[in-house]
Amino acid sequence: MDRPLSGSPFRPNRIFYGCISSRPLGHIAHSLHQHVCAPHTTTPAAFRQAHPADGVQPNSGVCGLENSGNSCYLNAVLQCLSATMPLVEQLLHSDTRKGLARSKCRVSEVFVHLLEKMWMGTGSSCSPLEVMSALCSVLPQFNNDSQQDAQELLLLLLNTLHDDFNKPARMEQIKGCSPHSNLVTRLFEGQLSYMCICMHCHHQAHNTQAFTVLSLPVPKGTIKCSIQDCLTLFFKQTVLTGGEQAMCSVCGLKRETAITAGAKQFWMNIRNHLFHLVCRFGSKGKSQVKLRTNVLFLTKLDLSQFLSGLVPNESSYHLYAVVNHTGHLNMGHYTALCYNSLAQTWHCFDDAAVCEVQEDRVQSPNAYLLFYSHKPFHRPRIAGL
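Numbering of the sequence shown is given in UniProt numbering, commencing with residue 1 and proceeding in unit increments.
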């Protein structure tokens, strides 16, 4: 997998990856950095002091995850997926649990088991060791003590879940699934349309590219920018020159090619989720560095200027989870901020330590992954809650 670099507008097959339909996983990048755990500033008891809404069970989705040694990247991603209500509702459905119990889909089965403990359990924290062990059995690159990249883990976990739900036997056993309607595809996959214009003959070719994560470039030479600035740079027309020239079907030769991109299909299903990846790792000369630009983002994101022809309500997305990374390229720590739609509160998850935070504390210069939903999540429909 090529890591997208800072300051690059859209280029086909370059900064979109994690595509579930074609699944170009390729080689996994080496471990980004050795983890050095930062001292916890909160304790598991902190979240028990919060006052959830009437009728809300204190541990329903507000459950810390124990660090098994450099596993904060995994814990942060699992917390964000646990906050993705349509996914949790489907996986905790009785038909889904029964189907997976009869299967050999080990990763999905232990992931559902973990969600059960996080949503139905009573403990202030639980261990993700089963999930880690199952992942290592199918993804041996994670079978070491090094901290990995949270974004790469997210993509690989989603691809593994996608494969589990794509097996014909699973489709027949799990309610709402069919060979043409994969749970992970419905929730997480989007499409981007782009036009290639030959700069020699001006022939136009329209194409689409599926993606799971949008990797946004960060403007160079600034200490602060907005998420809209990153999107503007991403959708900016770019020209492929030199070794990047594209083949023109009319000229029959490689020509300089202008690329214009535009996202689509985000609004076709209220359960589609748009993942923004705020690029935190770029290059300086031949070395990789962590970008320190403070990217300002909103809990409600309006994409109308990038999705032509849509009314504001169709182009609004709501933030529900954030993965933060503190530290340096060779050492650091991952945490997560997630909105709990049952308690209707935000919480900070620092491994096993959990505390409630106000919405105005969600903005952070350490944001790495931003999770947006097309519609605000409703109160989860989970049996037993």
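Hints are not guaranteed to be accurate.
Claimed, not checked - Calculated pairs, DSSO-like style, for lysine-lysine (alpha carbon to alpha carbon, straight line, at most 27 Å):
1) K224 x K290
2) K254 x K167
3) K300 x K236
4) K224 x K236
5) K300 x K224
6) K300 x K220
7) K220 x K236
8) K167 x K236
9) K375 x K300
10) K220 x K167
11) K224 x K167
12) K220 x K117
13) K104 x K117
14) K254 x K224
15) K254 x K236
It should be emphasised that the hints constitute simulated quantities derived from the structure, not laboratory data.
Bear in mind the structure is a predicted one, so any value in this text is a computation, not a measurement.
Legend entry - Pair hint K300 and K224, alpha-carbon separation not exceeding 27 Å: Status holds; Cα separation ~19 Å.
Legend entry - Hint consistency between K220 and K167 [alpha-carbon to alpha-carbon, up to 27 Å]: Given pair K220, K167 is violated - Cα atoms ~45 Å apart, limit 27 Å.
Inset, instruction - Starting from K224, check that the Cα of K167 is at most 27 Å away, please. - result: Violated: K224 and K167 sit about 46 Å apart, past 27 Å.
Inset, instruction - Mind checking the alpha carbons of K167 and K236 for me, to see if they're no more than 27 Å apart? - result: violated, 39 Å
Legend entry - 27 Å limit on alpha-carbon distance, applied to hinted pair K220 and K117: Violated, because 44 Å separates the two Cα atoms, which is more than 27 Å.
Inset, instruction - Would you mind confirming whether the straight-line C-alpha gap from K375 to K300 stays at or under 27 Å? - result: holds, 10 Å
Inset, instruction - Assess, step by step, whether the Cα of K224 is no farther than 27 Å from the Cα of K290, and give holds or violated. - result: holds, 15 Å
Legend entry - Pair hint outcome, K224 versus K236 [Cα-Cα no greater than 27 Å]: Judged against 27 Å, a Cα distance of about 19 Å means the pair holds.
Legend entry - Pair hint outcome, K104 versus K117 [Cα-Cα no greater than 27 Å]: holds, 21 Å
Inset, instruction - Measure nothing beyond the straight line between the CA atoms of K300 and K236; if it is 27 Å or shorter, mark the hint as holding. - result: With a Cα-Cα distance of about 22 Å, the restraint between K300 and K236 holds, given a limit of 27 Å.
Legend entry - Satisfaction of hint between K167 and K254, Cα-Cα up to 27 Å: Violated. K254 to K167 sits at ~40 Å, over the 27 Å cutoff.
Inset, instruction - For the pair we were handed, K220 and K236, check the Cα-Cα distance against 27 Å. - result: holds, 15 Å
Comparing the model with each numbered hint stated earlier shows that hints 2, 8, 10, 11, 12, 14 do not hold.
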